[in-house]
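Asks: Take these sequences, add in the hints, and give me the full structure.
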Amino acid sequence: MIRIEQLSMDLPDFSLNNVDIHVREGEFFALLGPTGAGKTLILESVAGVGPVHSGRIFVDGAEITRLPPERRGVGIVYQDAGLFPHLNVEKNIAYGLRYQKKTEKKRLDWVKWLMERFGIAPLAGRSVENLSGGEKQRVALARALSVKPRVLLLDEPLSALDPAFREDLRNLLKELHSQLSLTCLMVTHDFSEALFLSQRAAVLNKGGVEQCGGVKDIFNRPASPFVAHFVGMKNVFPACGENGQVRVDCLNLSMPSNGRPEPKYAAVRPEHLLLLERKPVQDNQFGLFPAEIRGMVDYGIFCEVLLDYQDQTLVAAAAKSALMSMGLDAGAKVWVEIPQDRIHFF
Amino acid sequence: MIRIEQLSMDLPDFSLNNVDIHVREGEFFALLGPTGAGKTLILESVAGVGPVHSGRIFVDGAEITRLPPERRGVGIVYQDAGLFPHLNVEKNIAYGLRYQKKTEKKRLDWVKWLMERFGIAPLAGRSVENLSGGEKQRVALARALSVKPRVLLLDEPLSALDPAFREDLRNLLKELHSQLSLTCLMVTHDFSEALFLSQRAAVLNKGGVEQCGGVKDIFNRPASPFVAHFVGMKNVFPACGENGQVRVDCLNLSMPSNGRPEPKYAAVRPEHLLLLERKPVQDNQFGLFPAEIRGMVDYGIFCEVLLDYQDQTLVAAAAKSALMSMGLDAGAKVWVEIPQDRIHFF
Amino acid sequence: MPVKKEPFFWLTLSSAGIILAFILLPLVHVIAAPSMESLWETFNDKDVRKAIWLSISTSGLAAIISLVAGTPTAYLLARKEFPGKRLVESVVDLPIMIPHPIIGIAILSIAGRNHWFGRAIQSIGVEIMGTTTGIVTVLTFVGLPFYINTVKAGLESIPERLEKVSRSLGASQTQTFFRVVFPLAWRSMLAGLIMCCARAISEFGAIVIVAYHPMVAPVLIYERFTAYGLKYSQPVAVWLILVSLALFLGLRFITLPSASKAKTG
Amino acid sequence: MPVKKEPFFWLTLSSAGIILAFILLPLVHVIAAPSMESLWETFNDKDVRKAIWLSISTSGLAAIISLVAGTPTAYLLARKEFPGKRLVESVVDLPIMIPHPIIGIAILSIAGRNHWFGRAIQSIGVEIMGTTTGIVTVLTFVGLPFYINTVKAGLESIPERLEKVSRSLGASQTQTFFRVVFPLAWRSMLAGLIMCCARAISEFGAIVIVAYHPMVAPVLIYERFTAYGLKYSQPVAVWLILVSLALFLGLRFITLPSASKAKTG
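Protein chains in written order, with the working numbering: chain A, 498 to 843; chain B, 498 to 843; chain C, 13 to 277; chain D, 13 to 277.
Keep in mind that the hints were calculated from the coordinates and are not lab data. Computed from a predicted structure; not experimentally measured. Any given hint could turn out to be false.
Stated by the list, open to error - Straight-line alpha carbon distances no greater than 25 Å define the calculated BS3-like cross-link-like pairs of lysine-lysine that follow:
| id | chain 1 | residue 1 | chain 2 | residue 2 |
| --- | --- | --- | --- | --- |
| 1 | A | K731 | B | K817 |
| 2 | A | K817 | B | K731 |
| 3 | A | K598 | A | K588 |
As the list claims (entries may be wrong) - If we take Cβ atoms under 7 Å as the criterion, some of the chain D residues that face chain C in the derived model are:
| id | residue |
| --- | --- |
| 4 | P38 |
| 5 | I119 |
| 6 | P230 |
| 7 | I233 |
Unchecked claim - Here are a few chain D residues that sit away from chain C, every Cβ distance over 12 Å (derived from the structure):
| id | residue |
| --- | --- |
| 8 | E49 |
| 9 | W52 |
| 10 | N56 |
| 11 | K58 |
| 12 | R61 |
| 13 | K62 |
| 14 | S67 |
| 15 | Q134 |
| 16 | G137 |
| 17 | L174 |
| 18 | L202 |
| 19 | A212 |
Backbone N, C-alpha and C fix where the C-beta goes; we use that ideal spot for every residue, glycine too.
Replies: Structure, rendered in structure tokens:
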């Protein structure tokens with residue numbers, strides 16, 4: 498449906514190099530990456546409102562690279578909603594209908610239907626300035642869909658919302674996508690959003706695509722240290738393999754390779770590291786070693802625990818109440834266990 | 498050491514009403530409250546750089562309400578550090594020494610000692626513009642302490658920092674306070690900071706003091722629904738007591754009152770609610786009831802789970818991996834257990 | 013504020029007082045000096061009314077020309093980045109800094125027969141020296157920078173994103189301008205018109221070179237002053253001040269809401 | 013940018029081109045018209061040199077007076093909130109909008125013997141009409157708003173928090189001004205001085221009322237123009253334009269770094 502070929506651009510403080518992305522019809526595709534990875538630029542180049550220095554963009558098989566934005570049939574929803582401040586909710590939604598071949602009555606019915614569908618009918622006459630973040634995004638979504646775009650572009654649609662509203666809108670997006678069989682391209686820096694909403698994804702880093710594929714696949718099997726960190730596998734160590742065994746030397750781990758003969762890295766999620774107050778009785782357990790707590794980073798109810806083992810730093814995550822009941826704090830000695838099946842080699 | 502008596506002010510969009518606060522010598526006192534509760538205004542009135550409409554302020558027994566700021570002997574560290582951008586690190590720290598009766602040599606030695614103590618000696622000649630957030634706060638602290646103030650005022654000193662730096666600076670503050678036996682008054686909206694650093698605290702709400710006392714006491718025994726929410730006891734229900742029993746009617750709970758005969762509310766922390774996939778075998782257990790998951794709010798590794806039980810909403814917290822392994826999502830039915838000793842009555 | 017005031021505070025207060033007095037004293041006096049009778053008499057003076065009307069109409073015309081020619085330029089400067097942009101901005105600011113009689117001389121120089129441009133316009137019957145056309149040209153020259161800078165600032169405060177959304181909804185760039193940009197920028201365009209008008213009405217040095225006749229109000233005031241003295245020029249001045257003040261108050265009124273918005277937002 | 017250009021784009025571009033030509037064509041011609049010979053001759057003309065020097069010195073003096081009297085006022089307006097603040101700001105802006113000859117008339121009116129102020133200053137030997145003092149007074153009147161507005165904007169960009177920290181470290185308000193505010197604001201104060209100077213040098217209408225003699229450069233140009241015609245006034249204009257341009261470039265140079273900072277920050 499959307500095919501981006503060799504897209505490049507050179508801006509004063511950023512460059513995008515030969516990005517290839519293919520979004521299939523009816524697919525929800527996520528463009529992932531840290532802030533400043535060029536995600537929004539790709540989105541705007543598809544919409545025709547950003548610069549393109551080389552490369553080609555196709556929608557529905559037709560090249561649109563040089564088409565003006567109003568003839569692309571592409572809807573866009575920005576992080577800050579981008580509502581027209583001088584128009585009320587209803588007029589914002591009806592804005593694009595003037596350019597559609599429809600009777601006045603059909604237009605009004607369609608806007609009404611949209612407002613009902615998005616649960617914003619009671620706000621119809623309200624100024625958009627005083628809406629909550631969640632309401633603003635609903636209006637923006639309804640407005641983008643009002644002109645029945647072939648493709649919906651979403652630029653971090655959930656980032657600016659409070660956690661409670663975020664879940665709401667996330668569910669709405671999921672519903673819309675399956676009900677209307679929309680083709681969506683969403684930009685986000687939050688992997689959990691992509692995991693919830695999209696089927697496939699591409700991870701961008703420094704203006705290039707780092708990994709592309711099924712979103713669950715990326716989550717479970719990151720292909721590079723950058724992607725591993727990005728999906729939350731914060732413990733990444735060099736690894737090597739020989740004689741049907743894979744080894745993580747710095748942790749003194751060794752196990753059967755299971756047909757992955759040449760790994761370069763091993764990675765584990767923080768929440769998969771188990772912290773134990775004392776050494777368990779069965780001594781010959783796999784992946785068990787003593788470590789010292791260097792520090793804790795408080796994330797509210799839960800903490801990330803930074804651990805020193807020999808020259809290595811490990812990151813574990815645990816509920817604060819569990820840590821308190823164990824009486825653990827910086828400087829304490831603990832035992833760390835890494836379950837064998839939680840280690841990902843790549 | 499610091500005594501604030503009946504402090505009031507009337508600003509166009511905010512007013513502070515008869516605030517009384519007493520900080521003892523050598524104490525670390527936290528002023529807690531949500532954004533816009535008037536915390537910084539109190540701090541600035543002690544420093545003499547904010548408006549005071551009525552009330553009196555004493556330091557060391559002497560009234561300073563009408564004294565110009567430079568004669569109060571009060572140091573202040575702001576959230577954004579507030580370093581002088583035209584001076585380098587060393588000159589920022591030495592700024593106030595000109596007004597101290599010291600020889601040139603003694604001044605230089607003292608600045609050197611401060612920079613060593615705060616681990617910023619290698620930055621001495623650097624421009625303050627390019628420092629990291631943590632380094633900036635260290636410089637700001639060293640500068641505030643350079644003139645040996647009788648009282649150190651801290652305005653959300655940790656809020657603007659990355660989680661990793663935050664812990665660093667928090668430890669430094671704790672060390673400084675005990676080593677130099679400083680009297681500190683800190684403003685923060687984060688209860689965990691207060692819990693870590695301070696002995697006593699006051700919780701502000703809408704320009705008035707809601708609760709004042711030992712910080713652990715406030716944390717464990719909040720005295721009002723506002724404070725309960727503020728310290729993270731997000732489940733607050735009306736309660737009543739009679740005949741040696743206390744009851745939470747909406748949850749059908751009843752237990753011995755233990756000498757707290759007339760409670761108005763009962764509160765439980767989200768992390769103390771236990772989620773079970775099915776009803777446990779022993780049927781007559783206390784505080785066990787079925788609920789439906791209305792939604793989840795994702796905080797990264799962990800989730801807050803919103804539960805519906807009859808007309809009530811409960812908030813539980815659990816690790817995302819645990820929720821996933823139980824296969825729980827919005828709409829699922831679960832059993833909730835509230836351990837009897839986790840309920841706080843007030 | 014119970015904290016004791018420093019000498020510094022009193023210094024700022026007294027300097028502000030002196031400046032207010034310095035500005036207001038002469039202006040209030042010039043308004044208050046003429047008797048009602050002489051004001052009325054001046055008002056009935058045909059020459060005065062004609063001059064004030066000429067001032068207003070030529071300034072208004074200059075403002076409208078600035079609107080037409082300046083708005084696209086302001087849009088370009090507010091929206092696009094291009095090499096040499098600062099240079100273009102500098103050139104737009106130039107008329108503010110050039111001494112007023114020189115502006116008149118410069119415009120006369122290229123309108124004369126020894127310049128190709130002068131010959132070109134004269135061949136189609138346009139005369140600059142001593143004509144209303146000349147006055148409007150001069151006033152446009154001095155007022156244009158004020159219009160462009162005001163509108164440019166106004167346009168910069170409208171998020172470009174809104175235009176992008178509008179175009180994705182099917183509106184062309186022109187349609188976007190009239191449905192999104194203009195409704196959000198008309199206030200700053202009006203403020204720009206008034207700024208331009210006010211600057212144009214106050215001009216004297218450039219006009220007196222290009223067109224002593226037909227007489228605009230500042231020239232008339234100057235002539236009355238040189239011919240009959242202070243007393244005879246004051247009543248005319250009062251009327252012109254009132255026109256200027258009306259523009260000034262209109263400007264304050266227009267910019268007030270947006271300024272208070274900027275504060276709370 | 014491979015997206016096809018709309019007519020709208022070409023409209024903005026051509027309007028910008030027309031405006032640049034409109035501003036530059038007369039100015040370039042007036043500079044290029046006189047021969048080197050006549051320029052040199054004019055430069056050796058004692059009257060011309062005297063007039064230009066008088067323009068520069070009186071404008072400079074007006075700028076310095078603005079610095080002394082205007083800085084505390086700018087500080088007050090940038091830092092304090094008080095009822096009527098907008099009114100004070102309006103009064104400070106007034107001289108920009110008042111027609112130039114009226115400014116001269118207003119200042120003359122209160123400097124005369126039929127006003128208590130005039131009698132007061134005359135009794136201590138200060139004469140406004142036809143003196144350098146009068147010229148400086150007029151130039152201060154027209155230049156002051158530019159100084160105050162520039163410095164006010166500069167001061168507003170300095171966080172008040174820095175002053176609060178300085179005072180908590182033991183510095184008085186005066187010491188804080190010189191150790192914190194001034195080092196951070198001197199660039200905008202310099203820009204304000206230049207703005208004030210440039211505005212003052214360009215003034216003609218108010219000066220010609222208050223003091224035809226001693227002759228400042230714009231008056232001299234005007235006189236040459238009326239007495240001998242366009243050709244004889246142009247060489248003097250070139251020299252004055254060069255002075256204005258020097259100021260203008262100085263201003264751009266000073267504001268350039270801070271502007272580029274504001275962009276990236």
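Asks: Against each hint, give a clear statement of whether it holds in the structure.
Replies: For each hint, the structure was consulted:
no., hint, verdict
1, A:K731 - B:K817, "holds, 16 Å"
2, A:K817 - B:K731, "holds, 16 Å"
3, A:K598 - A:K588, "holds, 18 Å"
4, P38, "holds, 4 Å"
5, I119, "holds, 5 Å"
6, P230, "holds, 5 Å"
7, I233, "holds, 5 Å"
8, E49, "holds, 17 Å"
9, W52, "holds, 19 Å"
10, N56, "holds, 21 Å"
11, K58, "holds, 20 Å"
12, R61, "holds, 16 Å"
13, K62, "holds, 16 Å"
14, S67, "violated, 8 Å"
15, Q134, "holds, 15 Å"
16, G137, "holds, 20 Å"
17, L174, "holds, 16 Å"
18, L202, "holds, 16 Å"
19, A212, "violated, 10 Å"
Hint check: violations occur at hints 14 and 19; the rest are consistent with the structure.
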